[in-house]
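S.K.: These protein sequences, in sequence, are chains X and F. Anchor point for the first sequence: position 64 equals 64 in our numbering, and the numbering is continuous, going up by one each time. With the second sequence counted from 1, adding 1000 to any position gets you our numbering.
Treat the hints as calculated values from the structure; they're not laboratory data. It cannot be assumed that every hint is accurate.
Said to hold, decoys possible - BS3-like cross-link-like pairs, simulated, lysine-lysine; straight-line CA separation at most 27 Å:
| # | chain 1 | residue 1 | chain 2 | residue 2 |
| --- | --- | --- | --- | --- |
| 1 | X | 110 | X | 131 |
| 2 | X | 110 | F | 1250 |
| 3 | X | 131 | F | 1036 |
| 4 | X | 110 | X | 214 |
Claimed, not checked - So, partial list: chain F residues that the calculated Cβ filter (under 10 Å) puts toward chain X:
| # | residue |
| --- | --- |
| 5 | 1046 |
| 6 | 1047 |
| 7 | 1067 |
| 8 | 1070 |
| 9 | 1076 |
| 10 | 1109 |
| 11 | 1211 |
As the list claims (entries may be wrong) - Chain F is faced by these chain X residues, among others (derived, beta-carbon under 8 Å):
| # | residue |
| --- | --- |
| 12 | 48 |
| 13 | 82 |
| 14 | 102 |
| 15 | 103 |
| 16 | 106 |
| 17 | 107 |
| 18 | 109 |
| 19 | 114 |
| 20 | 122 |
| 21 | 150 |
| 22 | 185 |
| 23 | 215 |
| 24 | 217 |
These numbers were taken from a predicted model, which means no experiment stands behind them. Even glycine gets a Cβ: it sits at the ideal position worked out from N, Cα and C.
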Amino acid sequence: MTALITVTDLTMGWSDHDLLERQSFEVNRGEVFAILGRSGCGKSTLLRYLTGLDEAKSGTVTIDGIGPPSLEAGRPAFGVMFQSGALFGSMTVGENLALALAEWTDLPPKAVAAIVRAKLRLVGLQGSEYKHPSELSGGMRKRAAIARALTLEPSLIFLDEPSAGLDPVSAAELDQLILTLNNALGLTVVLATHDLDSIFMIATRCILLDRETKSIIARGDPRSLRDGSVVPAVHQFFSRTTKDAK
Amino acid sequence: MQDRRNEVSRDGSDRAFSVEFLDPGAGVVEVRLGGKLAFADAASLWTDLCTHLTPAISGDVRFDLSAIESIDGGAMALLVQVKWNLQTAGVRCEFVGGAGTVQTILDLYEGEAAPTPRPPHVPVGVFAMIGNQAAAGLREIQLGLAFIGSMVLAFAGVLRRPHSGNWHSVAPIMNRTGADAVPIVLLINFLVGFAMAFQAAVQLKQFGANIYVADLVGLSITRELGPLMTAIIVCGRSGAAFAAELGTMKVSEEIDALRTLGFGPLRFLVFPRMLALIFVMPVLTLLADLAGVTGGVLVGTINLDLTLTGYIQQTQRAVAAWDVFQGVVKSGVFGFAIALISCHQGLSAAGGAEGVGHRTTAAVVTSLLTIIIIDAGFTLLFFELHL
Chain X
1 MTALITVTDL
11 TMGWSDHDLL
21 ERQSFEVNRG
31 EVFAILGRSG
41 CGKSTLLRYL
51 TGLDEAKSGT
61 VTIDGIGPPS
71 LEAGRPAFGV
81 MFQSGALFGS
91 MTVGENLALA
101 LAEWTDLPPK
111 AVAAIVRAKL
121 RLVGLQGSEY
131 KHPSELSGGM
141 RKRAAIARAL
151 TLEPSLIFLD
161 EPSAGLDPVS
171 AAELDQLILT
181 LNNALGLTVV
191 LATHDLDSIF
201 MIATRCILLD
211 RETKSIIARG
221 DPRSLRDGSV
231 VPAVHQFFSR
241 TTKDAK
Chain F
1001 MQDRRNEVSR
1011 DGSDRAFSVE
1021 FLDPGAGVVE
1031 VRLGGKLAFA
1041 DAASLWTDLC
1051 THLTPAISGD
1061 VRFDLSAIES
1071 IDGGAMALLV
1081 QVKWNLQTAG
1091 VRCEFVGGAG
1101 TVQTILDLYE
1111 GEAAPTPRPP
1121 HVPVGVFAMI
1131 GNQAAAGLRE
1141 IQLGLAFIGS
1151 MVLAFAGVLR
1161 RPHSGNWHSV
1171 APIMNRTGAD
1181 AVPIVLLINF
1191 LVGFAMAFQA
1201 AVQLKQFGAN
1211 IYVADLVGLS
1221 ITRELGPLMT
1231 AIIVCGRSGA
1241 AFAAELGTMK
1251 VSEEIDALRT
1261 LGFGPLRFLV
1271 FPRMLALIFV
1281 MPVLTLLADL
1291 AGVTGGVLVG
1301 TINLDLTLTG
1311 YIQQTQRAVA
1321 AWDVFQGVVK
1331 SGVFGFAIAL
1341 ISCHQGLSAA
1351 GGAEGVGHRT
1361 TAAVVTSLLT
1371 IIIIDAGFTL
1381 LFFELHL
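Using the sequences and the hints given, assemble the complete structure.
M.R.: Here is the structure:
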């Protein structure tokens, strides 16, 4: 497997406080890569650096050998689903999906509409084109946001807490969808989450961030880390135990 | 057997896929797709398929996917849509030869591709539109009155239990709405006084009545323009800020969170804003009066050859304490109205960013209208009372 994303000596955080200091890792092409860690350790912040929304204090991020990621450089090379969905409230769901298609392709309106319908069908939201985001439930908004992130057929997609706030069935369906997209389309998926069920079901590899040491304290197959890690913080995370638990 | 082969891929273009339309007989049109069907070529693929496969086609259509090396979701979505379009026109269609990943992606995307019916647009007649607007207006008035009622209750609650008032927020809001607005209030009112004096000077010079510029500027500024211009500035600055701030809090459920913590939004958010504007507006108005008269002084001394002392003495003769005081009283009422309307509009926001924008606009427009109406009411009242 070849590396699609390469992070080298990344230091990130705020002016007076670092979340990660000089950390490196790679995301391979075609894998489902999970960024794990306790609340406040910088999972979502790391996603912002990987997608080029924020600039790192030091270190580099390259995607497909090109970096740092630029959001102004033309048609986006990847899709992003934000934690809240971040659908545009003034547009219908269909318009949310069609926006990038109209901007970055020369498809006629009927073809754009066909793709919008297909993407909504893919995430189980068929018939929702003319609804506004405010008419959707939280889970539906997330699925619509995933559909929007997929409209330009990216080979890489970033998902921030995809299953947070979803009922178990919807969360499992979403996991299945991510797996199917990964298997069928070869989509590389990078997700920030702390949903253990989801991690064990879909993640090929993971990194575990630690806010105290400001570093990556574990990396590899999540199932192997759960079963074999002797590092207390790693064991606690994967076995859902507290510090004092025996 | 006629072979209607269309070698689309061999037309000199550099696309990575091929589409052939074959007629193998038995009333079947075979669409043989090959190569790499990627989203980048989707527009071209769509055009080819729509051009050759019209609903008027005779016979069945068979999409042969066996020669496809790779296909992505966007391209597959278009194939599925073309097949569905033909099927609904009565043409029998099928996908054949899909294997491995191609079949997986087909399974992923195949399904009901019917366009969702657009919600019916019910035409609204002129009278219905007027009626709807009137009803909406009445509803707004009703909600506004309910808001005032709730505000009175909240105010009574604070009077009964003074420690329940959000007093510590008043000073920072006064700073934001008052101290921060001083430069713009001074500048605008200075320019208003300056411009008014210039306009009057041209006329009064003809009658040798230069000195009366001081009367005109002094009375107009203190009784009308000082409070009014200040209210307009505060409305655009602080009124819009109140509406946007509270509106954003409303749509992001912060207001609900306050409620669940036992804080009434009126007592906690609206009361300090209202109090701040009621205190700040008279002070800003006094500063506005000063700036406006200074504008007049500048024109009087430079353009009309009046002395500074003469101008000031004439202003003192013309402008009584009551003139200044009535402007100050008016400004307090303006402050109350701006805060009330802006906070009410902000707390009525719904539906995300667009809703906040809509309510912010409504806050400014309604406040301006209300200020003008209140001003007219005061003018009429003082006239009738000979004040």
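S.K.: For the hint on residue 103(X), does the least C-beta distance to chain F fall short of 8 Å?
M.R.: Hint on residue 103(X): violated, closest Cβ of chain F at ~14 Å, above 8 Å.
S.K.: Are residue 107(X) and chain F close enough, Cβ to Cβ, to be under 8 Å, as the hint says?
M.R.: 5 Å, holds
S.K.: Is the interface hint for residue 122(X) satisfied, with its Cβ closer than 8 Å to some Cβ of chain F?
M.R.: Check passed: Cβ of residue 122(X) comes within 6 Å of chain F, closer than 8 Å.
S.K.: Check the hint pairing residue 110(X) with residue 131(X) against an upper bound of 27 Å on the C-alpha distance.
M.R.: 19 Å, holds
S.K.: Once the shortest beta carbon distance from residue 217(X) to chain F is found, is it less than 8 Å?
M.R.: 34 Å, violated
S.K.: Hold the hint about residue 109(X) up to the distance rule: shortest CB distance to chain F must be less than 8 Å.
M.R.: At 11 Å from the nearest chain F Cβ, residue 109(X) fails the 8 Å test, so the hint is violated.
S.K.: Hint validation: residue 102(X) versus chain F, beta carbon distance must be below 8 Å. Holds or violated?
M.R.: Where the cut-off is 8 Å and the nearest Cβ of chain F is about 12 Å from residue 102(X), the hint is violated.
S.K.: Just to be careful: measuring from the Cβ of residue 150(X) to every Cβ in chain F, is the smallest value less than 8 Å?
M.R.: The hint holds - residue 150(X) has a Cβ within 8 Å of chain F, the shortest such distance being about 7 Å.
S.K.: Holds or violated: is there a CB of chain X closer than 10 Å to the CB of residue 1076(F)?
M.R.: 8 Å, holds
S.K.: Regarding the pair residue 131(X) and residue 1036(F), is the alpha-carbon distance no greater than 27 Å?
M.R.: 35 Å, violated
S.K.: Starting from residue 110(X), check that the Cα of residue 214(X) is at most 27 Å away, please.
M.R.: 50 Å, violated
S.K.: Is the interface hint satisfied for residue 1070(F)? The criterion is a beta-carbon contact with chain X at less than 10 Å.
M.R.: Since chain X brings a Cβ to about 9 Å from residue 1070(F), closer than 10 Å, the hint holds.
In summary, the numbered hints that this structure violates are 2, 3, 4, 7, 11, 12, 13, 14, 15, 18, 23, 24.
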